[in-house]
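Trainee: Taking the hints into account, I'd like the entire structure generated from these sequences.
Residue numbers (the working numbering), protein chains in the order written: chain R, 32 to 141; chain G, 1491 to 1604.
If you are wondering where the hints come from, they were derived from the structure by calculation, not from laboratory data.
Every residue gets a Cβ at the ideal spot worked out from N, C-alpha and C, and that includes glycine.
There could be a bad hint or two in this list.
[Claimed, not checked] Listed next, the in silico SDA-like pairs over lysine to any residue satisfying Cα-Cα at most 25 Å (straight line):
| no. | chain 1 | residue 1 | chain 2 | residue 2 |
| --- | --- | --- | --- | --- |
| 1 | R | Lys87 | G | His1563 |
| 2 | G | Lys1512 | R | Tyr102 |
| 3 | R | Lys128 | G | Phe1554 |
| 4 | R | Lys128 | G | Pro1559 |
| 5 | G | Lys1526 | G | Pro1551 |
| 6 | G | Lys1512 | G | Arg1499 |
| 7 | G | Lys1531 | R | His138 |
| 8 | R | Lys87 | R | Tyr102 |
| 9 | G | Lys1526 | R | Ser61 |
| 10 | R | Lys128 | R | Asp109 |
| 11 | G | Lys1526 | R | Lys87 |
| 12 | G | Lys1508 | G | Leu1587 |
| 13 | G | Lys1509 | G | Thr1545 |
| 14 | G | Lys1526 | R | Asn53 |
| 15 | G | Lys1531 | R | Asp127 |
| 16 | R | Lys128 | G | Glu1543 |
| 17 | R | Lys128 | G | Ser1562 |
| 18 | R | Lys133 | G | Ser1562 |
| 19 | R | Lys73 | G | His1516 |
| 20 | G | Lys1530 | G | Ser1576 |
| 21 | R | Lys133 | R | Ser71 |
| 22 | G | Lys1530 | R | Asp86 |
| 23 | G | Lys1509 | R | Lys133 |
| 24 | R | Lys73 | G | Ser1510 |
| 25 | R | Lys133 | G | Thr1602 |
| 26 | R | Lys73 | G | Glu1543 |
| 27 | G | Lys1508 | G | Pro1573 |
| 28 | G | Lys1530 | G | Gln1585 |
| 29 | G | Lys1530 | R | Lys87 |
| 30 | R | Lys128 | G | Met1505 |
| 31 | R | Lys73 | G | Thr1506 |
| 32 | G | Lys1531 | G | Ser1552 |
| 33 | R | Lys73 | G | His1563 |
| 34 | G | Lys1531 | G | Thr1570 |
| 35 | R | Lys133 | R | Ser113 |
[Unchecked claim] Computed footprint of chain R on chain G; a stretch qualifies when at least three of its residues, placed anywhere within it, have a C-beta under 8 Å from a C-beta of chain R:
| no. | region |
| --- | --- |
| 36 | 1526–1535 |
| 37 | 1593–1604 |
Now for the letters of each chain:
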Amino acid sequence: QKEVEQNSGPLSVPEGAIASLNCTYSDRGSQSFFWYRQYSGKSPELIMFIYSNGDKEDGRFTAQLNKASQYVSLLIRDSQPSDSATYLCAVMNRDDKIIFGKGTRLHILP
Amino acid sequence: ETGVTQTPRHLVMGMTNKKSLKCEQHLGHNAMYWYKQSAKKPLELMFVYNFKEQTENNSVPSRFSPECPNSSHLFLHLHTLQPEDSALYLCASSQGLGARTEAFFGQGTRLTVV
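Mentor: As structure tokens, this is what we get:
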């Protein structure tokens, strides 16, 4: 089982709609969870982090964590064309290693 | 001045060459990482240093040799690489291992081995 799994996409969402990105992880002892955005040819940029079960909102972004299901998601409300990018889920596991998923390509349709 | 700076941004090298990648962070962090990003693969953790001590060597071939002279600088020495080593090499830093802190990335070095 891969440590951090994401659907590679592409996920196409109309402008103004909600984009939902999902991630599962294998290490039940993981404590810290991150979402990074990566534009083509650029380095990853942190957009959200979450440590506790439940929802965390920051502007148009909401991160959701369910440790029992080993599931973390990112919702993007009022999607904009500038949100088109690859979104990387990252998990700091019990060994303090930050492990990344393959990323989900998101395409916002104008 | 960005938080994490990598040089060079692009590098083309032959299989018999020796080169080094440099990373410098100005964030006062104690942990530094090297990641490799190949096409259609997840970011692969290569090395982790915490307070200048290597804490992780993720089964990386010996043709990659890291060096961390202090908490602000990290190098990746390259020798006798293979074409399949062509990738984007990303350096990152974080406050420290065990801390609830995110990793900040440099812009990366795009390496092509010919």
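Trainee: Evaluate each hint against the coordinates.
Mentor: Now the hints, each set against the structure:
1. The suggested pairing of Lys87 of chain R with His1563 of chain G is violated, with an alpha-carbon distance near 34 Å, which exceeds 25 Å.
2. For the hint pairing Lys1512 of chain G with Tyr102 of chain R, the CA-to-CA distance comes to about 36 Å; that exceeds 25 Å, so the pair is violated.
3. With a CA separation close to 19 Å, the supplied pair Lys128 of chain R and Phe1554 of chain G stays within the 25 Å bound.
4. About 21 Å separates the Cα atoms of Lys128 of chain R and Pro1559 of chain G, which keeps this hinted pair within 25 Å; it holds.
5. With a C-alpha separation of about 13 Å, the suggested pair Lys1526 of chain G and Pro1551 of chain G falls inside the 25 Å cut-off, and the hint holds.
6. A threshold of 25 Å between alpha carbons decides the hint, and for Lys1512 of chain G with Arg1499 of chain G the separation of about 10 Å falls inside it, so the pair holds.
7. Between Lys1531 of chain G and His138 of chain R the CA atoms are separated by roughly 19 Å; this keeps the pair inside 25 Å, and the hint holds.
8. With a C-alpha separation of about 14 Å, the suggested pair Lys87 of chain R and Tyr102 of chain R falls inside the 25 Å cut-off, and the hint holds.
9. Of the pairs offered as hints, the one joining Lys1526 of chain G and Ser61 of chain R holds, with about 22 Å between alpha carbons and a cut-off of 25 Å not exceeded.
10. In summary, the hint linking Lys128 of chain R to Asp109 of chain R is not supported, as the alpha carbons are separated by about 33 Å, beyond the 25 Å threshold.
11. At most 25 Å may separate the alpha-carbon atoms for a hinted pair to count; Lys1526 of chain G and Lys87 of chain R exceed this at roughly 30 Å.
12. A hinted pair counts as satisfied when its Cα atoms are at most 25 Å apart, and Lys1508 of chain G with Leu1587 of chain G does not qualify at roughly 31 Å.
13. Taken as a hint, the Lys1509 of chain G and Thr1545 of chain G pair is honoured in the structure, with Cα atoms around 24 Å apart against an allowance of 25 Å.
14. Among the hinted pairs, Lys1526 of chain G with Asn53 of chain R is consistent with the structure: their alpha-carbon atoms are about 23 Å apart, no more than 25 Å.
15. Straight-line distance between C-alpha atoms of Lys1531 of chain G and Asp127 of chain R comes to about 21 Å, which keeps the hinted pair within the 25 Å bound.
16. Restraint check: the Cα-Cα separation between Lys128 of chain R and Glu1543 of chain G comes to about 15 Å, which is no more than 25 Å; the hinted pair holds.
17. Of the supplied pair hints, the one linking Lys128 of chain R and Ser1562 of chain G holds, its CA atoms being roughly 19 Å apart against a limit of 25 Å.
18. Note on Lys133 of chain R and Ser1562 of chain G: the hinted pairing is violated, with a Cα-Cα distance of about 28 Å set against a maximum of 25 Å.
19. For the proposed pair Lys73 of chain R and His1516 of chain G, the alpha carbon gap of about 20 Å is at most 25 Å, so the pair holds.
20. A C-alpha spacing of about 13 Å is found between Lys1530 of chain G and Ser1576 of chain G, which places the hinted pair at or below 25 Å, so the restraint holds.
21. Note on Lys133 of chain R and Ser71 of chain R: the hinted pairing holds, with a Cα-Cα distance of about 14 Å set against a maximum of 25 Å.
22. Annotation: proposed proximity of Lys1530 of chain G to Asp86 of chain R is violated, straight-line Cα distance about 30 Å (limit 25 Å).
23. Restraint check for Lys1509 of chain G and Lys133 of chain R: the C-alpha separation of about 28 Å exceeds 25 Å, so the hint is violated.
24. With a C-alpha separation of about 21 Å, the suggested pairing of Lys73 of chain R with Ser1510 of chain G holds against the 25 Å cut-off.
25. The hinted pair formed by Lys133 of chain R and Thr1602 of chain G meets the criterion: a straight-line CA distance of about 21 Å does not exceed 25 Å.
26. At most 25 Å may separate the alpha-carbon atoms for a hinted pair to count; Lys73 of chain R and Glu1543 of chain G exceed this at roughly 29 Å.
27. Of the pairs offered as hints, the one joining Lys1508 of chain G and Pro1573 of chain G holds, with about 14 Å between alpha carbons and a cut-off of 25 Å not exceeded.
28. Annotation: proposed proximity of Lys1530 of chain G to Gln1585 of chain G is violated, straight-line Cα distance about 29 Å (limit 25 Å).
29. A C-alpha spacing of about 30 Å is found between Lys1530 of chain G and Lys87 of chain R, which places the hinted pair above 25 Å, so the restraint is violated.
30. Our distance criterion of 25 Å between C-alpha atoms is broken by Lys128 of chain R and Met1505 of chain G, whose separation comes to about 30 Å.
31. Of the pairs offered as hints, the one joining Lys73 of chain R and Thr1506 of chain G is violated, with about 28 Å between alpha carbons and a cut-off of 25 Å exceeded.
32. Restraint check for Lys1531 of chain G and Ser1552 of chain G: satisfied, since their Cα atoms lie roughly 21 Å apart, inside the 25 Å limit.
33. Distance hint between Lys73 of chain R and His1563 of chain G is fulfilled; the C-alpha atoms sit about 21 Å from each other, no more than 25 Å.
34. Note on Lys1531 of chain G and Thr1570 of chain G: the hinted pairing holds, with a Cα-Cα distance of about 23 Å set against a maximum of 25 Å.
35. A distance of roughly 21 Å separates the Cα atoms of Lys133 of chain R and Ser113 of chain R; the hinted pair therefore holds under the 25 Å criterion.
36. Residues of the region 1526–1535 of chain G lying with their CB closer than 8 Å to a CB of chain R number 5, which satisfies the three-residue condition for coverage.
37. With 6 residues having a Cβ less than 8 Å from any Cβ of chain R, the region 1593–1604 of chain G passes the three-residue criterion, so the hint holds.
When held up to the earlier numbered hints, the structure conflicts with 1, 2, 10, 11, 12, 18, 22, 23, 26, 28, 29, 30, 31 and fits the remainder.
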